[in-house]
Every structure is written in structure tokens, then in C-alpha cells.
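Take a look at the letters that make up each chain.
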Amino acid sequence: MTENDKLLVSLDNETFAVDADAVAAVVETERFFMLPMLKFPFSCPRPVFIKGVITRRGDVVVVIDIGSLLGITASPDRFNQGQAHDTGPYRVAIMKKDASSLGVYLGKKELSFLWSEDLKSLEFEPSGENYIQGLIDPSGRKIKLLDWQRILEETQKAVSCR
Amino acid sequence: MKIKVQIGYKFILGFIGVVFTAAFAPAIVDAMNIVEWIKQPLSFLMAILIGLILGSIFTRSLTKDFRQLTSIANDISNGDLTRPNGIDVNSKILQDESTELALALNAMLKNLKGLVNHIKDAAANLAEAAGTLNTLMAKGHKTTEDVSTGTSKIFEGALEQAGHVENASKTIKEMAKMSDDVSDKATDMAAVASQTKSRVQKAVAISTSALKKMESILQGVDSTKDMVVRLEEKINNIPKILDVITHISRQTDLLALNATIEASKAGEHGRGFAIVAEEVRRFADNTNRSVEDVAFIVKDVKAEVERLVNAAAESAMFTQGGREDINKVKGALDEITAFTSEVADKGAVILTLAQKQKEGAEEAVKLMEQIAHIARENVSTTEEVDTVVDNHRVSIEEVLASAKKMSELSHELNQVVARFKLEQGELSLFPENEAGEIMIAEKAV
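Chains as they are written, first to last, in this note's numbering: chain A, 1 to 162; chain B, 163 to 607.
Bound-form chain A, shown alone (with noise of 0.2 angstroms):
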């Protein structure tokens, strides 16, 4: 798994990094469209970090916000799609694995990439963290491995949740 490329996204002070081969692509979306807002029992918490769907050649994609959902930073009101500074078009990574599929909103936040090559002259660690699957470089940069299989059921059971 940290042999293979990973695409980095800084968030405020945290790096966060996802296999490259997971990603299908980056889009740039104009707007998101919203899910429709079922009645939601005590039991099911509100997906507060699912910015929304989009369409990708002919596939709905569900987008979330990582910072949201890691509570890093504060949760987006219903009726707020996003960061204040955020507008125009949004960018959105798309993960897909065989038929699912799952959009990271990346919104104006740096991306870039960290070769394998590179990789492998950093540690890594394991975290058990939600969602984090271990923690590269940890005395230095400090970039979070994202398990991006576990928010995508994690999204699965929000939007079908009864």
C-alpha cells in the first residue's frame, strides 16, 4: 500500500495522503447537488460531512469533506455548502475501486504528489485513528494515510440510512 504513489492534500496544518492508483481523477465541479433530506432516527447521525453528489460520466458520486468528518474543521451548516472562502468551481478527487466510487472535496487546498521512490525513505506508522490508516513520515511532515474503503461505507451507511 505505501509503495504505490499518494496524492497529498494539505489541510490547514494536517497533510493528508491517498493512493494514487485509487484515484480515478480530479474534477472540477460547479456546484453539488444536494441529497434529499430524509427523516433521520435518533439512531443515525447527520452526514454533515457529505458536501453532496456529483455526476461523473454518467456515474452519481457522493463528496465529502475531510475536514468535516475528522472534525478538523467546523462542520459546514446544513444550509452552507462550504467554507466562506470557497467558490466557483470545486475541485473533487475521485476515488473509485471497482464499481464504487467517492469524491473528496479538495476545494482550493494544495495538492501534490509524493513518489513511491520518495516513499520509501520515510517511515511509516500505523495509526489507529478513524479513518487514518497509519501516519507517514511521522517525524516530519506528518502526512495521514487515509482509509478511504472505510469513509466510503462509512458514506454508503449515511446516505442509506434508515
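What the hints contain is simulated information worked out from the structure, not anything from laboratory work. Where hints are given, some of them may not hold.
To be verified - With a straight-line Cα cutoff of 30 angstroms, these simulated DSBU-like cross-link-like pairs (lysine-lysine) come out:
(1) B:520 to A:108
(2) B:335 to B:520
(3) B:427 to A:142
Computed from a predicted structure; not experimentally measured.
Go by the hints and put chain B onto chain A.
Using the frame of chain A, we list chain B on its own:
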């Protein structure tokens, strides 16, 4: 029967009678039978008796005549001329000298009556004349007094007039002097006005050229404003282009990202391509950043241009205002030019009028001199007239006095004549009124 016998003869006859009687008395007595011793005294007595008788008769008639005559003379002396016929001479049988005297007295009485009548008439006329003269003299006196008063007044008036004329002459001299001053001042004013006029004309010329320059400045500002507006429009186009560039670079970035992802999926073989794609991404990032910088710069430029536009608009406004002000100034200067021209003209007119006034005043001075001269002559003439009138008045007064005297005399005459009674029932011919003046009375005939 009128037999004229002189009184002497009558006397002689009488005497003869007496003698006769005396002579014949003894004869008579002798014839009478009386005692001797009575005969002589008796004859004496008879002669005396007859003598007495004849004497008394004669004397009585004589004295009667004389008494009559005396009474008449007395009457005449008392002024009573009323006997119509004087002495009645026809009643006497024997007329003698007394008759002649009576006739003469009658004649005298008649003549005296006539004379007195004449005198009375004359006195009446005189009194009338005196009265008229008095009246006329009184009138004349009054008239003379009036004339005298009048001439005195004229004299006073002439003096006053002379005084006034002196004052008027002084005043006119002062006026002449003042009009001289006015004339000088008017000349000065005319000079100043013409100077002002030329200066104002210069000022008008300067302001006109200033206005033209202002006009050109305004036009320059207007064109600058237009240029700046066009510049603004052009600058407004830049952001659009920047947007396009940004869009392109973003798309490029996205594409490069995707390319990198795909290249990484290709594994080893995609490395080179991945690197190239990364370069492209970086390039796109740079472009973005550059575009941002350019956008900032454009923003600044836009702000500056906007400021420029505002400043140009402001200055255009100011220049417009300035142009209006210059126009106003020009208008005012034009008015001043017109006004100073008018003033210059009026000054010239005033100068002419002042000259005329001066001439007029000089003429007036001369006329006043003449009038003063005439007034002075007037005064002296009036003085003479006054003297003459005074003399006249004195003469009149003398005449009046004479008239008065005349009336007094006529009055005296009247009084004298009034003593004569001409007709019965006449008390006085000329009764006098209380004033002592003689009235012309009507005769009670």
C-alpha cells in the same frame, strides 16, 4: 300930486306963516272983544300957538321923514335889506329933499341889495369853490401822501432790491467759481474715464485670451477624460482575459494532475510522463500565481485609473466652473467697458455742459452787475422822486393851508354877508354847519 318943494322953502313958508300970523294976530285980537291987557299976550299966544302948530306939523313931517330914513339907514346898518321898496315916497304930497334923500336911499338900498346879492352869490361860489378846492386838495393831499408812502415803499423796496441784487450777484459769482471747479473736475474725470476705458479694454483682451486658453485646457481635459474612460474600458477587458488565462491554467493544472495520476498508475513506464505532467502542473501553478499578481496589478491600475477618471471629472467640473466664471468675468468686463465708455461719454457731455454753465454763469454775473447798477440808480432815482414827492406834498400842504385859509375867508365873508337880510323870513343866507364850514344852502325865496 308930486310937487317938489325944497325943505328950505317949506321952512320959509312956515316961518312966513308964523310971521304972518304974528303980524295979523294983533289985528285979529283987536277985532275981538277982549280986555286990553290980554290982547297983547293973546296975540302973542295966538302967534305962538299957530307957530307951534305949524312948527309941529312941519317938524313932525320932517322928523317923520327923517325917522323913516334913519330907520332905514339903521336897518341897512344892521344888515336888514328886506324892505322891498324902500321908503314909500308916493305917500307924501309935498316932496322935498328928504324925498330925494329917500329916493337916493332907495336907490342905494336897491344897489346895496344887488351888491350884497352879488357878494352873496360870489361868496357862495367862493365857498363852493373853496369847498371843492378843499376836497380836491384833501384828495390831492391824500393822493400825495399815498404817493409819498408809495415812493417811500418803493425806496425801501429799491434798497432791499439793491441788497438782494448784491447777494444774488455774490451768489452768482460763487456759482461761476463752482462751475469753474466743476469744469476742471469734469476734465479730470474725462481723462480718468478714458484711461479706465483703455485699461479695461486691455483687461478684456487679456481675459479673452485667458478664456481661450481655458477653453483649450478644458478641451484637453475633456479629451484626457475620454482617453481615460477608454483606458478604463480597455483595462476592464483585462480581467476577462485573466479569467480566461486562469481558467486555462486551472484546466491545465487539472489535466496535468489527472495525467500524473494516470501516469502513476502506469507504474515505472509512466514516471517520465508523470514528471513532465508535474512540471506542467507547476507551470500552470506559476501561471496562476502570475495571473493573480497581474490581477492585483490590474486592480491597482484600475483603482488609479478610476482615481484618474474621478480627478478628470472633477477637474472637468472645475474647469467648467472656471469657464463659467471666466465667461462671467468676461461679461462683467464687457459691461465695465460699456459702462466706462458711457461714463467717458457722459464725462465729455458733463464737461461741455460745465463749460456752458461757466459761460452762462459769467453772463449771469455780467447781467447781475447791470441789474445791480440799475438797482443802485433806481435807489438814487427813487430818492429823488421821494424828495420831489415830499416837496410836492409840502406844496400841497401849503395849497391846502391856502385853501383852508380861503374857506376861512369865505366863511368870514359869509358871516359878514349874512348880516344882511335880503328877504323876509330869511334868517341867514349861508347857515354854517357845526364844523364851521360853509354849506351851500338854498335861498328861501
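Task: Broken hints, by number - done: Number 1 only.
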